Amino acid sequence: MSRLKQEYDDLEEIGRGGFGVVYRARCIAVGKPWSGTNVAIKKIDITRAPIHRVELELEALSRLIHENIVKFYDQFQENGAQYIIMEYCKHRSLREYVKKNGKLSDFSAAYILRQLVSAVKYIHENNMIHRDLSAGNILISSIREDKFFVKLADFGLATVFRKGDIARTMLGTPGYIAPQVYDRKYNQKADVFALGGILYLMLAGKDPPRDHDVNPFMAPISLEGAVLIQSMMDPNQERRLALADITMSDFMRKVDGLSLPISRSRESSKEKPGYRELHIRHRSPPLRVRAQSVQATTSGYRRTTKDSAFESGDSAHAYRRGPSLDRYHNGFAGSTDCRHSNYVENRTGIRQIH
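Numbering (the UniProt record's numbering), first residue to last: 1 to 354.
Hints may be right or wrong, so weigh each one.
Using 27 Å as the maximum straight-line C-alpha spacing, the simulated DSS-like pairs for lysine-lysine come out as follows [said to hold, decoys possible]:
1. Lys99 / Lys206
2. Lys100 / Lys90
3. Lys147 / Lys100
4. Lys32 / Lys43
5. Lys5 / Lys103
6. Lys147 / Lys185
7. Lys71 / Lys90
8. Lys185 / Lys121
9. Lys99 / Lys147
10. Lys71 / Lys43
11. Lys185 / Lys90
12. Lys5 / Lys90
13. Lys121 / Lys32
14. Lys71 / Lys5
Simulated from the structure, these hints should not be mistaken for lab results.
Just so you know, these numbers come straight off a predicted model, no measurement behind them.
Assemble the whole structure, with the sequences as input and the hints as a guide.
Set out below in structure tokens:
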């Protein structure tokens with residue numbers, strides 16, 4: 001009898017990819033920490049899959065120990081297949097949940113995003129890059145009212161990557177792939193672009209466009225959410241928001257004071273909760289963005305009775321603007337939030353006033 005049948009039963013297929021299948025199963029082996037529980041078993045056909053990809057996935061899962069990354073239990077080979085035993089998340093993927101139940105609230109999206117940023121930051125600190133972040137690879141482990149607890153999975157495309165390196169392999173999930181990946185000259189900010197795509201799906205209820213023409217201001221998304229998505233998915237990776245700045249954006253600070261999870265690796269317990277003010281000083285040329293009923297003043301922006309424009313200058317903001325916003329000016333003017341709310345801008349970014 002094979003080891004698989006000796007140790008696991010009730011196998012049920014829950015996913016299928018290019019080189020393998022994922023099963024839910026129950027561990028019937030005695031003496032294992034996960035005995036008697038459901039697990040996820042990834043079966044990879046090693047006669048077809050690139051062996052170095054399998055080795056890198058095993059290395060990543062065994063090295064990365066974080067509460068927002070699926071737990072690795074065991075691995076073995078038999079009958080031409082590599083088996084990877086991992087933690088099972090009963091709520092399946094974030095993409096499946098949104099497709100079935102619709103878009104999430106700003107609070108729920110922020111709650112999830114903070115966990116993902118913590119996990120990706122940990123991956124980068126361990127000199128790796130995920131390269132296949134997408135809503136389909138985010139698993140929901142539990143839900144408590146509007147709080148979603150998630151786990152990052154599928155490290156089949158992960159690779160070793162050190163600061164200053166340039167990656168040149170084209171891979172990933174369409175809609176979540178940064179433009180530089182197609183040019184085969186990208187860095188860890190490719191993961192930031194993908195996180196922006198995940199945030200777009202959570203707030204808009206659909207996957208981001210595959211052609212990189214992402215206009216969050218045209219979607220039914222809050223202004224703070226749209227600004228954050230635009231800065232995370234900036235086509236220019238030099239202007240793209242840094243990973244560390246995401247949790248200090250206006251969108252995340254909207255829920256400041258509420259109970260956001262403070263994710264940390266099991267090896268690091270000294271991280272303290274809380275948010276810090278972000279003041280990014282930049283010297284971009286003035287940018288005019290068409291917005292309905294908004295007028296520029298020396299101290300900020302105020303509502304007027306006719307359409308006008310506002311201009312970005314050299315002050316400090318909680319996000320980075322760049323030329324890529326030019327193509328969004330019409331959508332920004334048509335934003336529901338911009339038409340029906342009043343906004344001011346101060347040194348910590350755009351916020352809503354009543």
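Results for each hint:
1. A threshold of 27 Å between alpha carbons decides the hint, and for Lys99 with Lys206 the separation of about 7 Å falls inside it, so the pair holds.
2. With a CA separation close to 15 Å, the supplied pair Lys100 and Lys90 stays within the 27 Å bound.
3. Simply put, Lys147 and Lys100 have alpha-carbon atoms about 17 Å apart, close enough for the 27 Å limit, and the pair holds.
4. Simply put, Lys32 and Lys43 have alpha-carbon atoms about 20 Å apart, close enough for the 27 Å limit, and the pair holds.
5. This hinted pair does not check out: Lys5 and Lys103 have alpha carbons roughly 40 Å apart, beyond 27 Å.
6. Using a Cα cut-off of 27 Å, the hinted pair Lys147 and Lys185 is violated, with the two alpha carbons roughly 37 Å apart.
7. For the proposed pair Lys71 and Lys90, the alpha carbon gap of about 14 Å is at most 27 Å, so the pair holds.
8. Among the hinted pairs, Lys185 with Lys121 is consistent with the structure: their alpha-carbon atoms are about 21 Å apart, no more than 27 Å.
9. Under the criterion of a C-alpha separation no larger than 27 Å, the hint pairing Lys99 with Lys147 is consistent with the structure, at around 18 Å.
10. Restraint check for Lys71 and Lys43: the C-alpha separation of about 16 Å stays at or below 27 Å, so the hint holds.
11. About 37 Å separates the Cα atoms of Lys185 and Lys90, which puts this hinted pair outside 27 Å; it is violated.
12. Between Lys5 and Lys90, the direct Cα distance comes to roughly 22 Å. Compliance with the 27 Å bound is thereby established for this hinted pair.
13. At roughly 31 Å between alpha-carbon atoms, Lys121 and Lys32 are farther apart than 27 Å, so this suggested pair is violated.
14. In summary, the hint linking Lys71 to Lys5 is supported, as the alpha carbons are separated by about 22 Å, within the 27 Å threshold.
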